[in-house]
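Put the two chains together into one complex, using the hints given.
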Amino acid sequence: MSGNSSHLALKEAARLLNGRMDQLTAQRSRIVHRLQSIVNAVITQNSFRRLMQSRAPVALAKFGFCHSSIPSQLTVPSKVSVYYDDETVFGIQAEPSDNKIPVDIRLVSYGAKPVALHYGPADLLGPYAGWAQSQSLVSMLSPFDGLPVAFAEREGLGDEIGQRPAKGPGGYRGLIVASSESQAMLAWLSLLFGWHHLLGRLLNVPSCCCTKNRNCLWACRSDEGIGLDSLAFPPSGIFDWHYNVFGGHLGYQLLCHFPCSFDCRESLAAALWHLSHLRNHDPSYAELLPATLRSVVVMAGRCVCLLPGASVRAAGEDGFRIDYMPEKVRSNSFSSSFANVIRKSSVMMWRGDELFVANNCLFGCSCWIFTGGSGSADEKTFSRVSSVPKKRRREFLGFFPRIE
Amino acid sequence: MLVESLRRVLMGQSWDPKSAGDVGLKESAMQRPEILCETFTDLKAKGPSCARGIRRVALGNYFTVVELDDCSIGAALSYYQGSSEALQTASARITDLAGSDRWLDGLLFGDSTSSLLQGITSVPENLVLMSLLAAVVSALSASLIMEGGDETFFAAPSIPFDPFDGVNSAVILGLGGYLETLMMKEEIKHVHVADLKHSVQDMKRSISRFGKCASNKFVTFSDGSDTVGRLQTAELVCITGSALCNGTMEAVLDAAQHCRRVIVQGQSASIHPRAFFRRGVDLIATTVKPIELIKCAESDPSGRQLKQFLEGGLPWIYLLPR
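So the protein sequences, as listed, match chains C and V. Just so we're aligned, residue 1 is where the first sequence starts under our numbering, counting upward by one. Just so we're aligned, residue 1001 is where the second sequence starts under our numbering, counting upward by one.
If you are wondering where the hints come from, they were derived from the structure by calculation, not from laboratory data. Some hints here could point you the wrong way.
[Said to hold, decoys possible] Once the Cα atoms are required to be at most 27 Å apart in a straight line, the calculated DSS-like pairs of lysine-lysine come out as:
| no. | chain 1 | residue 1 | chain 2 | residue 2 |
| --- | --- | --- | --- | --- |
| 1 | C | K100 | C | K79 |
| 2 | V | K1295 | V | K1307 |
| 3 | V | K1189 | V | K1204 |
| 4 | C | K79 | C | K62 |
| 5 | V | K1307 | C | K62 |
| 6 | V | K1295 | C | K62 |
Only a predicted model underlies this, so the values are computations on that prediction, with no experimental measurement involved.
The following block holds chain V by itself, in its conformation from the complex (with noise of 0.2 Å):
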C-alpha cells in the first residue's frame, strides 16, 4: 500500500501524507519529483552515450546504488531501513525485473507488484522508489558528467571562484555539506541549519566545534518547518542532493526563488543539471560514482564499506549552466 502511495506520487497524483511522517517530512513540503521525472524523460529519449539498460541494483540502509551495462554508477541516499538479507533479497528481484524492464519503468511508474519489496519492513518504505529512480538518473546522468557536460551544463573538476562571496545571509539545508564553508567565511554573518533527520542538540553540537568563528555570526536552527519563510529573506540557500531522494527538493527550489544564489550539493545530486537550472539553480557540487561503489552496496546493505568513498573519498565536480 505505501508503495502504491508513492507511485502515485511519482504519478502526480494526490497520496496520503501520512505515509511521509516517519522521516519527519513535512506534509505540505513533498511534491512530484519533477526534477527526476523529467531528467529521466529526457536521458531515455536522448539516449546514454553507451548503455541499453540496469544491470544491477543495490538497495542499502545508507545509499540505493545502480550499476548501468555500460558501468555508469548511479547512487542516491536511502530514506528506509531494513534488514541486509531482506535489502539483498529485494536488490536482486529488482535486477532481474530490468532483465525485461530495461529502466524499470514497470516498477517506478506503472504497476509492478509492490510485493518485489517485501521484507524490507523498516518503514518508510514508501521511499524505497524514490532512492531508486534518483539512483537510476544518476547512473544515466554519469557518463554525460564525465565527459565534461554538453550543451546545457560543464563538468569543472575544480572552479576558481567562491561560490560564497558577495553574501551576507546564508540557509543550509541538511545538516553538513557546506557547513563548515560557510561558518569560515568572514563575511557570512547568519547562518540557518535546516535538518529532518538530525534534532536541535545535534545541530548545536556540529557548531560548537567552530569555536570563535561560530561566535560573531548569528546562528540558528530548526526542523525545516520554517524553511519556507526562512528562504524569503535569505541570500544563500545551500540544498543537500538528498532532498531529491525524499520529495521535497521542488517545494524548496520553488521557495528559494527569490534568493540571490542557489547552491545544490551532496551525493545524491550527481544527476544530469538542466532540471536544476531550469528552476533557479547557480551551482551543483556532486561527485562521479566509482564502479568499486556497487560492489561495496552489494556486499554491504548496512553502507558502512560505502562511507570511505560517499564520506569524503571522491573528488567533487562542479555542474554549471550554459
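Isolated chain C, as found in the complex (with noise of 0.2 Å):
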C-alpha cells in the first residue's frame, strides 16, 4: 500500500514537473517570437523606426509592451546583428547553489525592483537564473557577450569596447532578471538597442547616474578584475554609509549602480527603497549592513580596499591616520601589491590623494569613509575632512619609497 501511494506521489510529481517544464518551454517561444517579431520591425519597416523616433510608447504598445517607463522617443540602429536561439536568449539554468544569492537579484523577487542586471561569465550565472525560475522570474542573458564599458556614453551600436554578439549559452553575459516577461524583454531590448535611460529606469538607475557615470553599472558584477576608470569615481571624503557600492566585495551592498556622486539623492532614495524591502523580506541580512558598510574604502589603480572597523582621526595638517584590522581587509585582487601593502600594516596616513603605508608613499590614491548619516556623530567628527576636487586628482602614480 505504502510502496502504491509513493508511487503515485512520484507520478504526481512527474506531472507537475513537466506542466511546469511545458509552461517554461511555451514562456521561451513566446519571448523569442515577440523579440524577433520587434526586432524585424525595426530592421524593416521604415514607419515603425520612424514611430519609435516619435511616440514609442505607441510604437512599442503595437509588440503588447505597455510601461510607464517607456520615454517619448526611444532611437534605433539601421541594422544589428543578434541571435535568438533558446540558449542564446535564455542561457542554461542550473541548481540554485548554496552561494548567496546577489541582492540586486533577490531585490527583484522581493517586489523593490522591476529588473535586475547582473554581469558575470555565464557558468557562474547559472545557478542565479535557476533561483529565478525558481521564485517565478523571467531570467535571460545579455544579447551581447561583454560589458559595456562606457554605459552611460553608448548612444549608438557597434563602438562599445570588447562587446560582440552573443552566440551559444556561455561568454561573460549580463543576466537579466525580472519579474514579468514584459519587463525582462524591456531590458533585453534596451541592451541590443542602446536605450540607456529605460534600462536605468528598470534598474532603478537615478537618470543623473545613468547620464554622467561611464561606472554607472561597475556595482552588478559577479567577478573581479574589474576595468576601473578611477577619474570618473566620486572624490574622496566623508559619506553615508548606503552610499557604499563597494560594500558589494562583501557580499553586502544596497544600491546596485554606481551613484554619479556619493551625495546623489536619488541613489540615497533607491538605496532607502531598497533597504525597507531587505528589513521585510531578510531581516537578518539587512541587520548586518550597518557594520559592514560604514568602512572605509581606500583605491590605487585598479584595485579596492575595504578597511571594514577601521577608525579615523585627525593627524595634523589636514591628513587623518587610518587604524585597521589586517585580516578584516578585502580587495578586488588577490595579488595586488597595493593591497599586500595594506594588509601587511595596520596603520595608514591618509593626505588629499596621497596614501602613507609603512615605508610607502602611494600618490592619486582615492580615500572614501562612509560612515552615519546625516547629522550623525561620526559626521561631526570627521567635520575636517573635505572632498579634494576632481581637477586636483591625479591617476594613480605607483608607489615611492617614504622619506622620513
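Set out below in C-alpha cells:
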C-alpha cells in the first residue's frame, strides 16, 4: 500500500514537473517570437522606425509593451546582429547553488525593483537563473557577450569595447532577471538597441547616474578584476554609508549601480527603498548592513580595498590616521601589490590623494569614509575631511619610498 | 459640545460617534489621532529649528493653514464648513490665543473655551481641531522635511523607482491621488477605490476616463465600509493623507498591516514621518508648503485661491525611512 502511494506521489510530481517544463517552454518560445517580431520591425519597417523615434510608447504598445518607463522617443539602429536560439537568449540554467544570491536579484523577488542586470561569466550566472526560475521570475541573458564599458556614453551600436553579439550559452554576459516577461524583454531590447535611460529606469538607476557616470553598472557584477576608470569615481571624502557600493565585494550592498556622486539624492532614495524591502524580507541581512558598509575604502589604480571597522582620526596638517585590522581587509584583487602592502600593516595616513602605508607613499589614491548619516556624531568627528576637487586628483602614480 | 467631544477623542477618551456621521465616517474607524499626537509631542520636545510658536492660523473650507514664526507653513484638509466671515473671525481668535499659548495646547488638548469656534455653524465642526492639529504638526515638520530629513527619515525630491512595481492588486483610499498612475499600470489587475465623500457614481465617472486601460482591470468601489476586509487581501494600499484629518488613519494602518506595501500620499501628509514608519508605511509622497499659502488662505477662506498650489502646483517630495 505504501509502495503504491509513493508511486502515485512520484507520478504526481513528474506530472507537475512536466507541466512546469511545458509552461517554461511555451514562455520561452513566446518571448523569442516577440523579440524577433520587434527586431524585424525595427530593421525592415521604416514607418515603425519613425514611430519609435517620435512616439515610442505607441510603437511598443503595438507589440504588447505598455510600461510607464518607456520614454517618448527611442532611437533604433538600422542594422543589428543578434542570435535568437534558446541557449543564447536564456542560457543554461543550473540548480540554485548554496552561494548567496546577489542582492540585486533578490530585490526583484522582493518587489523592490522590476529588473536586475547582473554581469559575470555565464557559468557563474546559471545558478542565479535557476534561482530566479524557482521564484517565478523571468531570466534572460544579454544579447551581447562582454561588458558595456562606457554604459552612459553609448549612443549607438558597434562602438562598445569588447562587445560582440552573443552566440550560445557561454561568454561574459549580463543576466536579466525580471518580475514579468515584458520587463525582461524591455531590458533585453534596451541592451540591444542602447536604450540606456529606459534600462536605467527598469533597474532603479537615477537618470543623472545613467548620464554622468561611466561606471554606472560597475556595481552589478559577480566577478572581480574590473577595469576601473578612476577619474570617473566620486572624489575622496566622507559619505553616508548607504552609498558604499564597494561593500559588494563582501556580499553587502544596497545600491545596484554606481552613483554619479556619493551625495546623489536619488541614489540614496533607491538605497533606502531597497533597505526597506530587505528589512521586511531578509532582516538578518539588513541588520548586518550598517556594520559592514560603515567602512573605509581606499583605491589605487584598479585595486579597491575595504577596511571594515577601521577608525579614522585627524593627525595634523589636514591628514588623517586610519587604524584598521589587516585580517579584515578585503580587495578586488588578490595579486595586487597595493593590497599586499595594506595587509602587511595596520595603520595608514591619508592626506588629499596621498596614502602613506608603512614605508610606502602612494600618490593618486582615493579614500572614501562611509559612515553615519546626515547629522550623525561621526560626521561631526570627521568634519575636517573635505572632498578633494576632481581637477586636483591624479592618476595612481605607483609606490615611492617614504622619506622620513 | 461637539468641540468637547473631539477634545475627548484627542485625549483618548470615549466620545459620541454620532458626531462623525455627517461626513460619512464609519463610527468604528475613528480613533484617537495617535500619529498626530505622537508627532506633535516629539517635535515640541525636539524643538523645531527656529520656530518659537504659531504666528497665524487660517481656517478655511478647503484647507486649514498655519504659519509659524520662522515662516514654516503647514496645511491640512478641512473637514468642516463655514461662512467666510465666521471662518475669518475664528481664525483671528485662534491666532490671538496663540499669543499666550504658543502651540495651542490649551485649545487642542486642554479646556480652552469652545466659544473660539462660534460661528462655524456648518457641521461637523467637531473636526476643526483635528484639521488644526494636523496643520500645526505639518508646520512644525516643514523645516526638517525641507532640510532633507534627519536620522529617522530622508526626503527626496524625486525617486528613481516605481513604488507600484511588484504588485497585482491595490486599494486606494481617497479618490484621486495615485488613481491615474495605478489605472495606467499594466501589471495591476485589480483596483479597489474607497472614498467617504464621493458617491459610487462619481467614482465610476472618474474611472471611465481611463477607457482602454481600465478595461483589462477589475475595478471595484465602495464607501469605505468594507475597507478592513479589502485590506486583508490587497498587496498595495495608497492612503490619502487627509485620513489624518478625519481620525481614520490609525484604523486604516492597523488594517493594512498585512499589505505588502503601504503608501501615504497627499497634501495633508506633510508631517514628520516617524510615526507613520512605526506603523508600517513604506513611502510618503507629499509637498512642502510655500509662504504664499497662508496669504491666500487668509484672504479667501473658500479655498479657491489655494487650488493653484494644492492641486498640482507644488513639487512632490518623497519621505523614506532611514
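Hints versus structure:
At most 27 Å may separate the alpha-carbon atoms for a hinted pair to count; C:K100 and C:K79 exceed this at roughly 39 Å. Proposed proximity of V:K1295 and V:K1307 is supported: the alpha carbons are some 13 Å apart, at most 27 Å. As the CA atoms of V:K1189 and V:K1204 are separated by approximately 17 Å, the hinted pair is consistent with the 27 Å bound. Straight-line distance between C-alpha atoms of C:K79 and C:K62 comes to about 21 Å, which keeps the hinted pair within the 27 Å bound.
At most 27 Å may separate the alpha-carbon atoms for a hinted pair to count; V:K1307 and C:K62 exceed this at roughly 38 Å. For the proposed pair V:K1295 and C:K62, the alpha carbon gap of about 50 Å is over 27 Å, so the pair is violated.
The structure shown violates the earlier hints numbered 1, 5 and 6.
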